[in-house]
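Position chain X relative to chain U; hints supplied.
Same order as they appear, the protein sequences are chains U and X. In this text, residue positions in the first sequence follow the UniProt record's numbering: the first is 1, and each later residue adds one. In this text, residue positions in the second sequence follow the UniProt record's numbering: the first is 1, and each later residue adds one.
Be careful, since some hints might not be right.
Since the list gives no way to pick out one identical chain from another, each pair is judged satisfied if it fits inside one copy or across any two copies.
[To be verified] Here are the simulated BS3-like cross-link-like pairs (lysine-lysine), alpha carbons at most 25 Å apart as the crow flies:
1) K183 x K268
2) K303 x K276
3) K332 x K250
4) K96 x K183
5) K14 x K163
These aren't lab readings, by the way, just hints derived from the structure by calculation.
Protein chains: 2
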Amino acid sequence: MKLATLNDGTRDGKLVVVSKDLTRYCAADNIAPTLQAALDNWDRVAPELEVLARDVEHEVVPCERFHEREAMSPLPRAYQWADGSAYINHVELVRKARDSEVPESFYHDPLMYQGGSDSFLAPREDIPLGDIAWGCDMEGEVACITDDVPMGVSAEEAAGHIKLLMLVNDVSLRGLIPGELAKGFGFFQSKPASAFSPVAITPDELGEAWADCLIHLPLMVDYNGQPFGRANAGVDATFNLAQLVAHAAKTRNLCAGTIIGTGTISNKRADGGPGKPVSEGGLGYSCIAEIRMIETIYDGAPKTRFMHPGDTVRIEMRDDHNHSIFGAIEQKVVQA
Amino acid sequence: MKLATLNDGTRDGKLVVVSKDLTRYCAADNIAPTLQAALDNWDRVAPELEVLARDVEHEVVPCERFHEREAMSPLPRAYQWADGSAYINHVELVRKARDSEVPESFYHDPLMYQGGSDSFLAPREDIPLGDIAWGCDMEGEVACITDDVPMGVSAEEAAGHIKLLMLVNDVSLRGLIPGELAKGFGFFQSKPASAFSPVAITPDELGEAWADCLIHLPLMVDYNGQPFGRANAGVDATFNLAQLVAHAAKTRNLCAGTIIGTGTISNKRADGGPGKPVSEGGLGYSCIAEIRMIETIYDGAPKTRFMHPGDTVRIEMRDDHNHSIFGAIEQKVVQA
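This is chain U alone, in the form it adopts within the complex (with noise of 0.2 Å):
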């Protein structure tokens, strides 16, 4: 099923299932009154959103016209946020950009960060930006939503905690990350309020496509309005979600309602070389920092810059069919 949250004017929105092919809605808010409240009582709430899922699909309840731009991120607050480095590749043009080994315990312990969960942007909410000199970025990701897990976890046990899907863009001020990272304790200002797609899935609505807790799939990254990055998802994962969820849950229980995310999906070019621009023939990137490294590894400095007031970004994943999957995040930068 696909659920979305819409603007009410309360903070938290209101739950409606959404038909697979995001024309039309229905409230659910008599069965659960937010999203967070649904993942609160999952088992029980789970099999009514699927009940009410089959009848919006077979057009037996009265349904509204769904629009994504009404949605705010699925959770508009979230009581955990946690993301990942799933995607090695990016981490290896971090450090190939200025001529640093990745520590060879990347490969089996995954780089996680606590990101800030009290306020996301909508999904075609505007990205308020205080200064240019900030650096910034967009990073389009996957993540899922979990259940409660208990802590020590093992990453099979935590693949059946992945209970939705979403996509992200998950804004990062780069001119501020080397001074934080310097300052030993990880992001924090770097790291301002991320947007979710207008809808999360059950693993399911994904069909094979789902395999191995990874989408297997492009995600489809567009700036100012030419395709940028279409890196698949499935590929040139070192952690898959269940992995992330298990690290997360090593040292502590994680609550209802978790979000963890993968990271920026990165692809190797299939020479095992950094990725080419979509526009000569690569699959691009899923953030602007790694075309940078890759101008920096290519000719010693990067050329494109940050994104500036009035820059737009979409992220979307598409089926077989060319069919949107999440809704499309879709965002501009303007002058905070």
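Using the frame of chain U, we list chain X on its own:
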């Protein structure tokens, strides 16, 4: 006023108003069902809670006996928990123990990490520890809860957004910290669930002890029944809570219910040197790591071990009449 969240079997508990002497309470769930709900509408709800608090004080409403052991953390789960490192003495000791300098920037740019906020321990709940080698430690701190804070707020403006104050035990797994910090993304597994004091209070409850957005009282940390720390939270703070809130809000809005912590309370000795144990007439330490650093500085190696199953910690703050202000955090480490 003093507020608490009683365990009623729900995830977010039930909001109650507690008498100043912590002996009785009156349910406030007819005003707001939970503390988060109150914070979501603080300007409207706070005056109603204040009226009820006066009625509780004058015993003109029916009250029940308040038991600290029935309290959850005031926000049993929160949308944001960010912890600063305001008492640079703590950082100076860490660095001194490994012969490195504190970067000059640390004196004007706060250290802050994004903590997990999805499931806090109750103030009397056991601390589950998976492995002694993880190096379990307490950190006694002060924290505030804010209402909605706009991006880019000044420290002066931030002061007005501090609505409630609490104590914290920021549980830390010292054995996991070096490895995680070396990876560059900050703490994650090394910071399991924290616990907060049974009661959250409005700053006016502190009278003159609340000044410059700091609490000018000793934090009483007892370890295994013995006085361990008596550092004054109003002394040696490089940053106050308003400055920490402003730091957190530099690049994004903070949602109502955001918790911002001071980091481990730590005082220098009167002559500027590292503090002595309470048993030797000093102010002691709010975490075990600090006494280990001092042992390292003087003896070349730490001798106090981290917490094992069965070890207990108690964190409290008392007013001039020796009355508990927030109730006590009292936790025992148990094998998970």
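Hints, verified against the model:
For the identical chains of this complex, K183 and K268 are inter-copy neighbours only, at 22 Å across copies versus 31 Å inside a copy, given an alpha-carbon limit of 25 Å. Taking identical chains as interchangeable, the C-alpha atoms of K303 and K276 lie at most 25 Å apart only when both belong to the same chain, with a minimum of 15 Å there against 56 Å between chains. Within a single copy, K332 and K250 get their C-alpha atoms only as close as 37 Å, which misses the 25 Å cut-off; across copies the closest is 20 Å, which meets it. For a Cα distance limit of 25 Å, the shortest separation of K96 from K183 qualifies both inside one copy, at 22 Å, and across copies, at 16 Å.
When the C-alpha separation of K14 and K163 is checked against a cutoff of 25 Å, the pair qualifies only within one copy, where the shortest distance is 19 Å, while the shortest distance between copies is 28 Å.
Violated hints: none; the structure is consistent with every hint.
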